[in-house]
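*Asks:* Sequence:
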Amino acid sequence: MSMSRTILITGASSGLGEGMAREFAARGDNLALCARRTERLESLRDELLASHPGLTVSLRALDVDNHDQVFEVFQGFLQEFGQIDRIIVNAGIGKGQPLGTGKFRANRQTAETNFVSALAQMEAAMEIFRAQNHGHLVTVSSVTAVRGMPGNVTTYAATKVGLAALSEGLRVELTKAKSPIRVATLYPGYIRTEINEKVKNTPFIVDAKTGCKAMVKAIESGKQECFVPAWPWTPIGFVMRRLPVSLLARLF
3 MSMSRTILIT GASSGLGEGM AREFAARGDN LALCARRTER LESLRDELLA SHPGLTVSLR
63 ALDVDNHDQV FEVFQGFLQE FGQIDRIIVN AGIGKGQPLG TGKFRANRQT AETNFVSALA
123 QMEAAMEIFR AQNHGHLVTV SSVTAVRGMP GNVTTYAATK VGLAALSEGL RVELTKAKSP
183 IRVATLYPGY IRTEINEKVK NTPFIVDAKT GCKAMVKAIE SGKQECFVPA WPWTPIGFVM
243 RRLPVSLLAR LF
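Residue numbers (our numbering): 3 to 254.
One or more of the hints may lead you astray.
Unchecked claim - No farther apart than 35 Å at their CA atoms in a straight line, the calculated lysine-lysine pairs in the DSBU-like style are these:
no. : residue 1 : residue 2
1   : Lys211    : Lys225
2   : Lys225    : Lys178
3   : Lys215    : Lys180
4   : Lys97     : Lys219
5   : Lys105    : Lys211
6   : Lys180    : Lys225
7   : Lys225    : Lys215
8   : Lys211    : Lys97
9   : Lys215    : Lys97
10  : Lys178    : Lys219
11  : Lys178    : Lys215
12  : Lys180    : Lys219
13  : Lys97     : Lys225
Claimed, not checked - Distance ranges between label pairs, derived from CB positions:
no. : residue 1 : residue 2 : range
14  : Asp65     : Ala251    : 35 to 45 Å
15  : Gln111    : Lys180    : 38 to 48 Å
16  : Met5      : Pro246    : 50 to 60 Å
It is worth saying that the hints were derived from the structure and are not from the lab.
Don't be surprised by glycine CBs; every beta carbon is placed ideally from N, CA and C.
Construct the complete structure from the given sequences, taking the supplied hints into account.
*Replies:* Structure follows, in structure tokens:
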């Protein structure tokens, strides 16, 4: 078996997932990529194999809200590759409106996709890693998870808090068991992708390539939690965690 790792990425057809796939391919990793939009995945695969002909890039259609399909797809990749070294729980959506404005359906959809469907992905990943007794689970939270957020971001931010807490709970459990399985949580700041391309006046925003390079660097660092890009989000996160609500209200 070759020494190259196999990395599974959900939500790989656009945004951070697509950008991370490019970065890992450049490092020589084999890729298991899944998303709803398979035509986008196919063009990404063609691009990656043209640049890196020695790699294996496997694709599967996955709607993470179909929880049975999450388990089937992850197991299918496992059978195909023999082992999976890293799973990145990246799929998510950014819909949302202020609570009580008649948009419960949009908020519920964000809550279900970003939390319940992330839980399904983590369950499916941990089944594989427990059986292998090794693996690196990476969850993509958000800088918005450091505090409750107002308006359109309230539900989104809450889901990212939940995802971070699930990840931390797993870390505590695995540390207690002295398990070799590792869990990392990323807190991306504002990275320009389809999910936020219409948002105006976004502070400290970086382009997708810069953001995805920082994401992969953080994942490879082996750290348990990383703000990305580290500057300026590490100090901003530190300050935001400590501000009184009256000041948060002025900022947002």
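*Asks:* Work down the list of hints and note, for each, if the structure agrees.
*Replies:* Each hint, compared with the structure:
1. Lys211 to Lys225: With Cα atoms ~21 Å apart, Lys211 and Lys225 stay inside 35 Å; holds.
2. Lys225 to Lys178: Between Lys225 and Lys178 the Cα gap is close to 17 Å, so the pair holds against 35 Å.
3. Lys215 to Lys180: holds (31 Å)
4. Lys97 to Lys219: It holds: about 28 Å lies between the C-alpha atoms, which stays within 35 Å.
5. Lys105 to Lys211: holds (33 Å)
6. Lys180 to Lys225: Judged against 35 Å, a Cα distance of about 17 Å means the pair holds.
7. Lys225 to Lys215: holds (16 Å)
8. Lys211 to Lys97: holds (23 Å)
9. Lys215 to Lys97: holds (26 Å)
10. Lys178 to Lys219: holds (27 Å)
11. Lys178 to Lys215: holds (32 Å)
12. Lys180 to Lys219: Given that 35 Å is the threshold and the Cα spacing comes to 25 Å, the pair holds.
13. Lys97 to Lys225: holds (30 Å)
14. Asp65 to Ala251: 35 to 45 Å: holds (37 Å)
15. Gln111 to Lys180: 38 to 48 Å: About 39 Å separates the Cβ atoms of Gln111 and Lys180, which means 38 to 48 Å holds.
16. Met5 to Pro246: 50 to 60 Å: holds (52 Å)
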